[in-house]
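Starting from the known structure of chain W, fit chain D onto it as the hints suggest.
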Amino acid sequence: MNNSNALSKAKKREKKRQQVSFSLKRSRQLHILLIPGVLHYIIFRYFPMFGIAIAFKDYNLYAGFTGSPWVGWENFARVFSSPDFILLIRNTLLLGISTLFWNSIVAIFFALVINEVRHAGLKRMVQSISFFPSLLSVVVVCSMVMDFLSPTSGVLNQFLASIGLEKHYFMVDPKWFRTIYVTSEVWQKFGYNAIIYLAALSGISSDLFESAALDGCGRLRRIWHVTLPGLLPTICTMTILNAGSIFRIGADKVLLLYNPRTYEVADIFGTYVYRKGIYESSFSYASAAGLFESVVAFIIVFSMNKLSKRVTENSLW
Amino acid sequence: MKRKSKLKNRIELTDVVVFILSIVALIIVFLPFMNVVSLSLSSSDSIVKGEVTFLPIGFNLDSYAEIMKTSKIVRSYINSIVYTVTAVFLGLFMCTITAYPLSRKFMWGRKAVVGMIMFTMFFSGGMIPMYLLVQNLGMMDTIWGLVVPWAVPAYELFLLKNYFENVPYEIYEAATIDGASEYRILYDVFVPLAKPMFATIAIFFALGQWNSYMIPLLYISTPEKFPLQIVLQQMLIKDEARGSINLVETSALTSQGLKNATVVISILPILITYPFLQRYFIGDLYVGSVKG
Chain W
43 MNNSNALSKA KKREKKRQQV SFSLKRSRQL HILLIPGVLH YIIFRYFPMF GIAIAFKDYN
103 LYAGFTGSPW VGWENFARVF SSPDFILLIR NTLLLGISTL FWNSIVAIFF ALVINEVRHA
163 GLKRMVQSIS FFPSLLSVVV VCSMVMDFLS PTSGVLNQFL ASIGLEKHYF MVDPKWFRTI
223 YVTSEVWQKF GYNAIIYLAA LSGISSDLFE SAALDGCGRL RRIWHVTLPG LLPTICTMTI
283 LNAGSIFRIG ADKVLLLYNP RTYEVADIFG TYVYRKGIYE SSFSYASAAG LFESVVAFII
343 VFSMNKLSKR VTENSLW
Chain D
259 MKRKSKLKNR IELTDVVVFI LSIVALIIVF LPFMNVVSLS LSSSDSIVKG EVTFLPIGFN
319 LDSYAEIMKT SKIVRSYINS IVYTVTAVFL GLFMCTITAY PLSRKFMWGR KAVVGMIMFT
379 MFFSGGMIPM YLLVQNLGMM DTIWGLVVPW AVPAYELFLL KNYFENVPYE IYEAATIDGA
439 SEYRILYDVF VPLAKPMFAT IAIFFALGQW NSYMIPLLYI STPEKFPLQI VLQQMLIKDE
499 ARGSINLVET SALTSQGLKN ATVVISILPI LITYPFLQRY FIGDLYVGSV KG
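Here the protein sequences come in this chain order: W and D.
Using my numbering, the first residue of the first sequence is number 43, and each one after it goes up by one.
Using my numbering, the first residue of the second sequence is number 259, and each one after it goes up by one.
So that you can see chain W by itself, here it is in the shape it has in the complex (with noise of 0.2 Å):
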C-alpha cells in the first residue's frame, strides 16, 4: 500500500519532471519565434516612452537627445500658462463629445430602423452599402466635404442659390466647423457603428416580441418596451468603451480640414503639437503638450473602463 502509493507519487514526479522538460524546450523555441515581435515592442513602443524625457530637456537637434540640457518643468510650464492651452482643452473635449454623441445616437436609430426592415434583401442591401464609407480614407472623406461646401461650385451653394439664399464659404466659417467635422464623422462611420447593435437585436429573443404582440403591442410599442431594454446594456458598454477616447481625437482630419481661420475652434491637442513640433521644430515643448495629451487621455480611458466593470461587466481588458 504504501509502497505502491510512493511509486505513484515517483510516477508524477517523473511526469513532471518530464512536463517541465517539455515545457522548457517547448519554450525555448518558442522564445525564439518571439524575439523579433518583443524586440519590436521594445524599440517602437517603450523607446519612445522614454524618449518622452525630452519634454524635460531643451532639446535641439545639433546637441541631440543626451546633449541637450534639463529644464526640468519649465516645458509644462509654458504649455499651461500659453493662452492656446485652455483653447486646446476646450475644442478637443468639445470635438469628442460631440462625435461621439451623435455617433451613437445616429447607429442606434439606424440600427433600430434596419432592424424593422422585414424585406431580407432590401435589410441586407443597405447594411453592406451603408457600411461602404468606413472604408475610405480621411482625406477622401475631407475632399468629398470640401466639394460638397465650395463655395462656387459646391452642390449646397448651388442648392442655397437656387432657392435665392447667399452663398456662404462654410470651410472658413468658425461657427461651422464643428458641424462639418461631426457631420461627415457620421456620414462616414454610421453603418460601420450600427454593427454591434445590430449583433446585439439579433440577440433578442423573439419570444419576447411575439408575447408583446399578442399583448397587444404595436411595432412602435414594441420598439419602446422590448427592444429598447433589450438593447439598453450595450449601448451602456459601447458607450462607456468610446467615452474613452473622447480625448484621442486623430490630428489627421482635423488637419485636413482647419485653416488658420477656423484654428479657434478646430485646433486640438493632436494638431497642435503636430504644428509646433514638426513644422516649427519645438520638439521638446510639442512633446510636453503630446505628454499631457497622453496622460489626460490615458486617465480617462482607466476610469472609464473602471466604471464599465462596475455597472456593465464589460471591459477591455
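Simulated from the structure, these hints should not be mistaken for lab results.
Don't be surprised by glycine CBs; every beta carbon is placed ideally from N, CA and C.
Keep in mind that the hints are not guaranteed to be accurate.
[Unchecked claim] Result set (SDA-like, lysine to any residue): computed pairs, CA atoms no more than 20 Å apart in a straight line: (1) W:K209 to W:T194; (2) D:K363 to W:N301; (3) D:K307 to W:I205; (4) W:K231 to W:R166; (5) D:K496 to W:K67; (6) D:K330 to D:V522; (7) W:K67 to D:R442; (8) W:K58 to D:T434; (9) D:K307 to W:F212; (10) D:K363 to W:Q61; (11) D:K307 to W:Q200.
[As the list claims (entries may be wrong)] Some, not all, of what chain W presents toward chain D, calculated at C-beta under 7 Å: (12) Q60; (13) S63; (14) S69; (15) L76; (16) F86; (17) F89; (18) M91; (19) V159; (20) S176; (21) S179; (22) R261; (23) D294; (24) V315.
Same frame as chain W, but now just chain D:
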C-alpha cells in the same frame, strides 16, 4: 398561429416609414459618391460654372486621360501598391511569429509579454518621440519608416493569438508526439488552419496602409516616394489655398475634375474587392460581437 401569420403579412404604417427611412439612408450614402463621379466625368467648363451636382455635365474622360499623363499620380499609385503589399506581408509574418508563441499557454514568460504589449494599447510616447526615433534609425524618407514601426499592432496580434488559442489542443498534442518542432507545427499545422483569420488581418493591414496619410506626411519628404493619399492631400490643399485667397478664382477649380478622378481611382481597389472585404471583415466583426 393564425394571428401570428396575419401579423407578419400585414403591411403597417411602420413598414412604410421604415422603408422610406432606409431608402433615405441609402441616398445619403450614395449622393456624395455620385457627386465625386460626376465631377470626374464633367467638362471643366461646367464645373467652373457650378453646374455639376449628381450627374455629369458635358460628359468626357479628360480627367482620367490626364491622370495617365500626370507622372506624379501614376508614380504615387505604384508607390501605394508597393507600400501596401509590403505592409501586408511584413505584418502577417511578424504577427504570426509573435502571436503563435503567445498562444501556447505553457510558454515561460507569456503573461509578462502579453502585459507588456497590452500596456501599449493605452499609453504611447506620442508623435514627437516616435518621429525622432524614426529619424535616428535612419528610416526617414524610406518605405521602412512607413511599414516597420506598425508591423505588429496589438489589436491584430491579439486577434490572431485568440484564433491560435482556439485551435483544439489535441491537434497540437498530436503534432508534438510526432516529434515536430514548434517551427514545423506553426508552419504546417497552424498557418493553414488560420487562413480565414489571415485574410481578415491582411485586410486590416492593406486598408490601413492604402488609406494611411498622417504617417507618410510625417516620414516621407521626397515627392517621388509619396503615396497616393499624400498626392491627393496636396491637391486638396492647393484647391483650398487658392480658394481662400480669392473666392471665385477659376484656375483653382479646373483641377477639381482631376482631383475627383484621382479620388475615384483611389477608391477603385476597395470597391472591386468589397465583396471579399465584406466576407472577412464584417463577418468577423459580427461573429465576434455576437459571441461576446
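Verification of the supplied hints:
Distance restraint check for W:K209 and W:T194: the Cα-Cα separation of roughly 8 Å lies within the 20 Å cut-off, and the hinted pair is therefore satisfied. For the given pair, D:K363 sits about 52 Å from W:N301 by alpha-carbon distance, which is inconsistent with the 20 Å threshold. With a C-alpha separation of about 17 Å, the suggested pair D:K307 and W:I205 falls inside the 20 Å cut-off, and the hint holds. For the hint linking W:K231 to W:R166, the alpha-carbon distance of about 17 Å falls within 20 Å, and the restraint holds.
Between the alpha carbons of D:K496 and W:K67 the distance comes to roughly 61 Å, so the proposed pair goes past 20 Å and is violated. Distance check on the hinted pair: D:K330 and D:V522 sit about 16 Å apart at the alpha-carbon level, within 20 Å; holds. Simply put, W:K67 and D:R442 have alpha-carbon atoms about 15 Å apart, close enough for the 20 Å limit, and the pair holds. For the hint linking W:K58 to D:T434, the alpha-carbon distance of about 17 Å falls within 20 Å, and the restraint holds.
Under the criterion of a C-alpha separation no larger than 20 Å, the hint pairing D:K307 with W:F212 is consistent with the structure, at around 19 Å. Of the supplied pair hints, the one linking D:K363 and W:Q61 holds, its CA atoms being roughly 13 Å apart against a limit of 20 Å. Our distance criterion of 20 Å between C-alpha atoms is met by D:K307 and W:Q200, whose separation comes to about 10 Å. Violation of the interface hint for W:Q60 is found here, the shortest Cβ-Cβ separation to chain D being roughly 12 Å, above the 7 Å cut-off.
Given hint, W:S63 at the interface with chain D, is violated; its Cβ is 12 Å from that chain's nearest Cβ, farther than 7 Å. Using the Cβ-Cβ criterion of 7 Å, the hint placing W:S69 at the interface with chain D is satisfied: the shortest such distance is roughly 5 Å. The beta carbon of W:L76 is positioned within 7 Å of a beta carbon in chain D (closest approach about 4 Å), and the interface hint is therefore held. Here the hint on W:F86 is kept, as its CB sits about 5 Å from the closest CB of chain D, short of 7 Å.
Residue-level restraint check for W:F89 holds (minimum Cβ-Cβ distance to chain D is 6 Å; threshold 7 Å). Checking W:M91 against chain D: minimum C-beta separation of about 5 Å stays under 7 Å; hint holds. A distance limit of 7 Å between C-beta atoms decides the matter here; for W:V159 the minimum to chain D is near 6 Å, and the interface restraint holds. At a threshold of 7 Å, the smallest CB-CB gap from W:S176 to chain D is about 10 Å, leaving the interface hint violated.
A least Cβ separation of about 3 Å between W:S179 and chain D falls short of the 7 Å threshold, and the interface hint therefore holds. A hinted interface residue such as W:R261 counts as satisfied when its beta carbon comes closer than 7 Å to some beta carbon of chain D; here the least separation is about 4 Å, so the hint holds. Interface hint at W:D294: satisfied, since its Cβ lies 4 Å from the closest Cβ of chain D, which is below the 7 Å cut-off. Taken as an interface hint, W:V315 checks out: its beta carbon lies about 5 Å from the nearest beta carbon of chain D, inside 7 Å.
When the structure is compared with the earlier hints, violations turn up for hints 2, 5, 12, 13 and 20 and for no others.
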